[in-house]
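Novice: Same order as they appear, the protein sequences are chains R and D. Using our numbering, the first residue of the first sequence is number 277, and each one after it goes up by one. Using our numbering, the first residue of the second sequence is number 277, and each one after it goes up by one.
Treat the hints as calculated values from the structure; they're not laboratory data. Cβ coordinates follow ideal geometry from the N, Cα and C atoms, glycine included. Heads up, none of these hints are tricks.
Now the in silico label distances, taken between C-beta atoms and shown as ranges:
| id | chain 1 | residue 1 | chain 2 | residue 2 | range |
| --- | --- | --- | --- | --- | --- |
| 1 | R | T460 | D | G435 | 44 to 50 Å |
| 2 | D | V490 | R | P355 | 43 to 49 Å |
| 3 | R | P357 | D | G313 | 41 to 47 Å |
| 4 | D | G313 | R | T460 | 23 to 29 Å |
| 5 | R | T353 | D | G435 | 18 to 24 Å |
| 6 | D | R362 | R | D400 | 50 to 56 Å |
| 7 | R | R453 | D | G313 | 30 to 36 Å |
Some but not every residue of chain D turned toward chain R, in silico, with C-beta under 8 Å:
| id | residue |
| --- | --- |
| 8 | G328 |
| 9 | V338 |
| 10 | I340 |
| 11 | Q342 |
| 12 | E348 |
| 13 | E352 |
| 14 | T353 |
| 15 | R367 |
| 16 | C379 |
| 17 | L397 |
| 18 | A418 |
Listed here are the chains, written in short residue letters.
2 protein chains.
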Amino acid sequence: MQLYTYFRSSAAYRVRIALNLKGLEYESLPRHLTRDGGEHRHADYLAMNPQGLIPLFVDGEVQIAQSLAIIEYLEETHPEPPLLPRAAAARARVRSLALVIACEIHPLNNLRVLNYLRTPLGHDSTAVSEWYRHWVACGLGALEAEAARAPGDQRHLVGSAVTLADICLVPQMYNARRFACDLTPYPRLSEINAHLEELPAFARAAPEAQPDAV
Amino acid sequence: MQLYTYFRSSAAYRVRIALNLKGLEYESLPRHLTRDGGEHRHADYLAMNPQGLIPLFVDGEVQIAQSLAIIEYLEETHPEPPLLPRAAAARARVRSLALVIACEIHPLNNLRVLNYLRTPLGHDSTAVSEWYRHWVACGLGALEAEAARAPGDQRHLVGSAVTLADICLVPQMYNARRFACDLTPYPRLSEINAHLEELPAFARAAPEAQPDAV
Chain R
277 MQLYTYFRSS AAYRVRIALN LKGLEYESLP RHLTRDGGEH RHADYLAMNP
327 QGLIPLFVDG EVQIAQSLAI IEYLEETHPE PPLLPRAAAA RARVRSLALV
377 IACEIHPLNN LRVLNYLRTP LGHDSTAVSE WYRHWVACGL GALEAEAARA
427 PGDQRHLVGS AVTLADICLV PQMYNARRFA CDLTPYPRLS EINAHLEELP
477 AFARAAPEAQ PDAV
Chain D
277 MQLYTYFRSS AAYRVRIALN LKGLEYESLP RHLTRDGGEH RHADYLAMNP
327 QGLIPLFVDG EVQIAQSLAI IEYLEETHPE PPLLPRAAAA RARVRSLALV
377 IACEIHPLNN LRVLNYLRTP LGHDSTAVSE WYRHWVACGL GALEAEAARA
427 PGDQRHLVGS AVTLADICLV PQMYNARRFA CDLTPYPRLS EINAHLEELP
477 AFARAAPEAQ PDAV
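Let the hints inform the model, and build the full structure from the sequences given.
Specialist: What follows is the structure in structure tokens.
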């Protein structure tokens, strides 16, 4: 197994956590997102992944782009330990919370979106940071409200085991800290995150633990 | 089963298609996204769905937000006809293509994002339309390249049956037309879309066929 990755990509960070939780060995193939116009935009990479995004996961003949598709594939091909509960309603809740991060926060704060705000839209770094923090606050606010409404065990978003929702939470909280977002309105998320990021599978997936970390 | 919906919401449109394909009856509960400050932001709705987004799906005691989580739940609880292939690699490909739309296009062109570009960022409707078309072009360009690399049968994005990827494609193409995006660079997607939107399950889910259509 191989993973085209970038240490700061939070989508790659999710997949690294899932691979570690499943106990799967993989080769890390870093692609720098800003050097040389972005190594994920080079022709050799686009030939493998026309989406031109990090991560790309390779399992023999199988190539998969999109972090959530990769993690669902890992879940189907290596079911233990499970990253989704057994019951359909609980699985739906896990996916719903994961998608708050994957669809409502992360796409708006991607590097290419922040770049577009600078050029052509002409915004300075203050406006770009406000944009970033605005969408983090919307998404984490929704997630905190979800956690308040149907809490897990205070160590996990849903139930009492690590799920796909937790795998999405930790990289998002990492990014929020990096952009100096105020996390005090999210005590439940902060408590869960503090527990999770200490787990070996999460710690080994962190950006600073990657071979390409700067 | 009940679906909180809005005729123009493309996430709700996806769920309507899936419900129709599965042959499931449901009650349509429209919430207007702009009237009275957005009926999805009212206290009674937020009490049910803290995410404050449309759609929300209700199946007895089960309430699910996020269109892809709803559709995966329908797939698990009502497996026929399947909306995902059987093999893990093919399932991953379907999810990956669906996520190009759900994570790379749709979140950037949501109503609340377009509103933020107007206020506080101060952009006029020309700049907002350019933003919209820019992200449609990025995402549909990636999807057309994916379709060229591993084509389905010219009537479906993957294989020869309707999948979750097709369910995401049709509402996105509908939106792209509504915002006058140039679709000539996407002949494969256009051909697939032309076939799909004629199918009864898709046609009955279209915005203009909804009880709340204006």
